[in-house]
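Peer 1: Given next are the chains, with one letter for each unit.
Number of protein chains: 2
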Amino acid sequence: MNLLLLEEADFVSADRVVLADRRFTHMQEIHRVAVGDTLRVGRIGGLMGKATVVRLEKHQAELDVSFDQPPPAKLPLTLVLAVPRPKMLRRLFQTVATLGVPRLVLVNSYKVEKSFWQTPFLHPDSIRENLILGLEQARDTVLPEIIIEKRFKPFVEDRLPAIVENTLGLVGHPGPYPACPRAVEGPVTLAIGPEGGWIPYEIELLGKAGLTPVQLGDRILRVETAVTALLSRIF
Amino acid sequence: MNLLLLEEADFVSADRVVLADRRFTHMQEIHRVAVGDTLRVGRIGGLMGKATVVRLEKHQAELDVSFDQPPPAKLPLTLVLAVPRPKMLRRLFQTVATLGVPRLVLVNSYKVEKSFWQTPFLHPDSIRENLILGLEQARDTVLPEIIIEKRFKPFVEDRLPAIVENTLGLVGHPGPYPACPRAVEGPVTLAIGPEGGWIPYEIELLGKAGLTPVQLGDRILRVETAVTALLSRIF
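Going down the list, the protein sequences come from chains A and B.
All residue numbers for the first sequence refer to our numbering, where the first residue is 1 and numbers rise by one.
All residue numbers for the second sequence refer to our numbering, where the first residue is 1001 and numbers rise by one.
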């Protein structure tokens, strides 16, 4: 946790917060704070700043907070991902938030197992929890927007074209395609497939929506690694 | 597992292997193979090719194998990493193998907790197991070389200069440094610090050994994400 993220409910007055949950435990066990210590804080969706510990008790801490710094810029990106297997999904939400993705669309795909949609990690509370972990890691305050699209075709035909409009549309796909471009200026829409890749029909529909296939070489990457590798290259 | 990696001990003749371990279970439960099915295989340290299932029993399978394809090229890189916390280390070995890093040096650093060195994930058998998982993911056969350096100063002063010689030497470090270069031609030596970063004294010694600080922006990345992001940008 490189930034302590504060919710509106934490505030007991305009410049005071009281913490008693995971964040309190982390302050005690990892940062080993004492009264008078300062910590980096951010207000979810708002500015970042400093907190000073003014009261420390067995189960809670009170902090005096001030905010003066904007969070880092997000990437000019919409990321479209086939839903990965649950154990990857949790970390993926964290990684997406850490990297500064402002909007993530999770879509179905032929090679997504139906059971993946049943995971508790797709519950809004769980998504928010993992996004916050990712923001705390990166020192950011703004939650990415997460859009769930359980049906591939209606999303790609009816809603994706408006997202792709005026952006560079790319779909990561192994095969005889151009290498993924580097240092792109301007907004991008990037789609990344499931383990096993998109099927030809999906690539065709994504193409009609404005996404051009690009590849990253012979090595097959886990979804989380592919997301990081593609974004690091594109931006 | 995108590639079934075979050890010398698996061979019962020049072109036959018998599998009864994790790989057998994976073939049954994930690939649901039947007699006559083919799978991609690789010989550890050698060529890749195809296997045909010729016998399938309750606890073992026999495969007919042939090899004709070289593994993908490695990156021209030595990666120097401060030892991360154990739960990251395991995945890091996988990621490093997946990305095609041929040589990884794990070093101590002021901000590495002493306890990190006690982890069973640094045992040679565990390292090898995780490297193999990473190779299976990427479809590669060649194990990266792993070098353990428990003392920072003797490594950086006495052995690092010879590694850096005739390479581009970089150290990832947040701060007012140039952005990490893109699409570098030729060999690179890259050092990445612990959570919390290198201390100034370490940056100074790494500098004397030929490593120039470069940064990746304001966001603080987990070690595994930083490795992927830096390598994707440099190569």
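Just so you know, these hints were derived from the structure itself, not from any lab.
These numbers come from a predicted model, not from an experiment.
Some clues are possibly wrong.
Derived CB-CB ranges, DEER-like [unchecked claim]:
#1 A:Ser13 - B:Pro1176: 18 to 28 Å
#2 B:Gln1215 - A:Ala162: 46 to 56 Å
#3 A:Val18 - B:His1123: 20 to 30 Å
#4 A:Tyr177 - B:Gln1215: 43 to 53 Å
Pairs of lysine to any residue residues, derived as SDA-like cross-links and limited to a Cα-Cα distance of at most 20 Å, are as follows [what the hints assert, rightly or not]:
#5 A:Lys74 - B:Gln1060
#6 B:Lys1111 - A:Leu39
#7 B:Lys1050 - A:Lys153
#8 A:Lys150 - A:Ile220
#9 B:Lys1058 - B:Asp1010
#10 B:Lys1074 - A:Lys50
#11 B:Lys1114 - A:Glu29
#12 A:Lys111 - B:Pro1178
#13 A:Lys74 - B:Lys1111
#14 B:Lys1087 - A:Gly197
#15 B:Lys1111 - B:Tyr1201
#16 A:Lys74 - B:Pro1154
#17 A:Lys208 - A:Thr167
#18 B:Lys1074 - B:Ala1014
#19 B:Lys1050 - A:Lys111
#20 A:Lys87 - B:Lys1050
#21 B:Lys1208 - B:Asn1130
#22 A:Lys50 - B:Gly1196
#23 B:Lys1050 - B:Leu1039
#24 B:Lys1087 - A:Asn130
#25 B:Lys1153 - B:Glu1113
#26 B:Lys1111 - A:Lys153
#27 B:Lys1208 - B:Ala1183
#28 B:Lys1074 - B:Ile1044
#29 A:Lys114 - B:Phe1121
#30 A:Lys87 - B:Pro1124
#31 B:Lys1050 - A:Gly196
#32 B:Lys1087 - A:Lys208
#33 B:Lys1087 - B:Pro1120
#34 A:Lys87 - B:Asn1002
#35 B:Lys1114 - A:Lys150
#36 B:Lys1074 - A:Leu133
#37 A:Lys50 - B:Asp1218
#38 B:Lys1074 - A:Ala226
#39 B:Lys1087 - A:Thr167
#40 A:Lys208 - A:Phe116
C-beta: ideal position from N, C-alpha, C; glycine also.
Peer 1: Does each hint fit the structure? Answer for all of them.
Peer 2: The hints, checked one at a time:
1. In this structure the supplied range 18 to 28 Å is violated for serine 13 (chain A) paired with proline 1176 (chain B), their Cβ-Cβ distance being about 37 Å.
2. About 36 Å separates the C-beta atoms of glutamine 1215 (chain B) and alanine 162 (chain A), a value inconsistent with the hinted range of 46 to 56 Å.
3. Range check, valine 18 (chain A) to histidine 1123 (chain B): Cβ separation about 45 Å, and the 20 to 30 Å hint is violated.
4. The supplied range of 43 to 53 Å is broken by tyrosine 177 (chain A) and glutamine 1215 (chain B), whose beta-carbon atoms lie about 31 Å from each other.
5. With a CA separation close to 51 Å, the supplied pair lysine 74 (chain A) and glutamine 1060 (chain B) exceeds the 20 Å bound.
6. For the suggested pair lysine 1111 (chain B) and leucine 39 (chain A), the alpha carbons sit about 19 Å apart, so the restraint of at most 20 Å is met.
7. For the suggested pair lysine 1050 (chain B) and lysine 153 (chain A), the alpha carbons sit about 35 Å apart, so the restraint of at most 20 Å is broken.
8. Among the hinted pairs, lysine 150 (chain A) with isoleucine 220 (chain A) is inconsistent with the structure: their alpha-carbon atoms are about 25 Å apart, more than 20 Å.
9. The straight-line distance between the Cα atoms of lysine 1058 (chain B) and aspartate 1010 (chain B) is roughly 17 Å, inside the 20 Å bound, and the hint therefore holds.
10. For the given pair, lysine 1074 (chain B) sits about 45 Å from lysine 50 (chain A) by alpha-carbon distance, which is inconsistent with the 20 Å threshold.
11. A C-alpha spacing of about 17 Å is found between lysine 1114 (chain B) and glutamate 29 (chain A), which places the hinted pair at or below 20 Å, so the restraint holds.
12. Distance restraint check for lysine 111 (chain A) and proline 1178 (chain B): the Cα-Cα separation of roughly 42 Å exceeds the 20 Å cut-off, and the hinted pair is therefore not satisfied.
13. Restraint check: the Cα-Cα separation between lysine 74 (chain A) and lysine 1111 (chain B) comes to about 29 Å, which exceeds 20 Å; the hinted pair is violated.
14. A distance of roughly 28 Å separates the Cα atoms of lysine 1087 (chain B) and glycine 197 (chain A); the hinted pair therefore is violated under the 20 Å criterion.
15. Of the pairs offered as hints, the one joining lysine 1111 (chain B) and tyrosine 1201 (chain B) holds, with about 12 Å between alpha carbons and a cut-off of 20 Å not exceeded.
16. Distance check on the hinted pair: lysine 74 (chain A) and proline 1154 (chain B) sit about 41 Å apart at the alpha-carbon level, beyond 20 Å; violated.
17. Using a Cα cut-off of 20 Å, the hinted pair lysine 208 (chain A) and threonine 167 (chain A) holds, with the two alpha carbons roughly 14 Å apart.
18. The hinted pair formed by lysine 1074 (chain B) and alanine 1014 (chain B) fails the criterion: a straight-line CA distance of about 27 Å is larger than 20 Å.
19. About 23 Å separates the Cα atoms of lysine 1050 (chain B) and lysine 111 (chain A), which puts this hinted pair outside 20 Å; it is violated.
20. For the given pair, lysine 87 (chain A) sits about 30 Å from lysine 1050 (chain B) by alpha-carbon distance, which is inconsistent with the 20 Å threshold.
21. Restraint check for lysine 1208 (chain B) and asparagine 1130 (chain B): not satisfied, since their Cα atoms lie roughly 33 Å apart, outside the 20 Å limit.
22. A C-alpha spacing of about 18 Å is found between lysine 50 (chain A) and glycine 1196 (chain B), which places the hinted pair at or below 20 Å, so the restraint holds.
23. Restraint check for lysine 1050 (chain B) and leucine 1039 (chain B): satisfied, since their Cα atoms lie roughly 6 Å apart, inside the 20 Å limit.
24. Restraint check for lysine 1087 (chain B) and asparagine 130 (chain A): the C-alpha separation of about 17 Å stays at or below 20 Å, so the hint holds.
25. For the hint linking lysine 1153 (chain B) to glutamate 1113 (chain B), the alpha-carbon distance of about 17 Å falls within 20 Å, and the restraint holds.
26. In summary, the hint linking lysine 1111 (chain B) to lysine 153 (chain A) is not supported, as the alpha carbons are separated by about 50 Å, beyond the 20 Å threshold.
27. Between lysine 1208 (chain B) and alanine 1183 (chain B) the alpha-carbon distance is near 25 Å, which puts this suggested pair outside the 20 Å criterion.
28. Between lysine 1074 (chain B) and isoleucine 1044 (chain B), the direct Cα distance comes to roughly 15 Å. Compliance with the 20 Å bound is thereby established for this hinted pair.
29. Using a Cα cut-off of 20 Å, the hinted pair lysine 114 (chain A) and phenylalanine 1121 (chain B) is violated, with the two alpha carbons roughly 34 Å apart.
30. Proposed proximity of lysine 87 (chain A) and proline 1124 (chain B) is contradicted: the alpha carbons are some 26 Å apart, above 20 Å.
31. With a C-alpha separation of about 18 Å, the suggested pair lysine 1050 (chain B) and glycine 196 (chain A) falls inside the 20 Å cut-off, and the hint holds.
32. The hinted pair formed by lysine 1087 (chain B) and lysine 208 (chain A) fails the criterion: a straight-line CA distance of about 43 Å is larger than 20 Å.
33. Note on lysine 1087 (chain B) and proline 1120 (chain B): the hinted pairing holds, with a Cα-Cα distance of about 11 Å set against a maximum of 20 Å.
34. At most 20 Å may separate the alpha-carbon atoms for a hinted pair to count; lysine 87 (chain A) and asparagine 1002 (chain B) meet this at roughly 18 Å.
35. Note on lysine 1114 (chain B) and lysine 150 (chain A): the hinted pairing is violated, with a Cα-Cα distance of about 47 Å set against a maximum of 20 Å.
36. Taking the CA atoms of lysine 1074 (chain B) and leucine 133 (chain A), the gap is about 33 Å. The hint is violated against a cut of 20 Å.
37. The suggested pairing of lysine 50 (chain A) with aspartate 1218 (chain B) holds, with an alpha-carbon distance near 17 Å, which does not exceed 20 Å.
38. Simply put, lysine 1074 (chain B) and alanine 226 (chain A) have alpha-carbon atoms about 17 Å apart, close enough for the 20 Å limit, and the pair holds.
39. For the hint linking lysine 1087 (chain B) to threonine 167 (chain A), the alpha-carbon distance of about 38 Å lies beyond 20 Å, and the restraint is violated.
40. Of the supplied pair hints, the one linking lysine 208 (chain A) and phenylalanine 116 (chain A) is violated, its CA atoms being roughly 27 Å apart against a limit of 20 Å.
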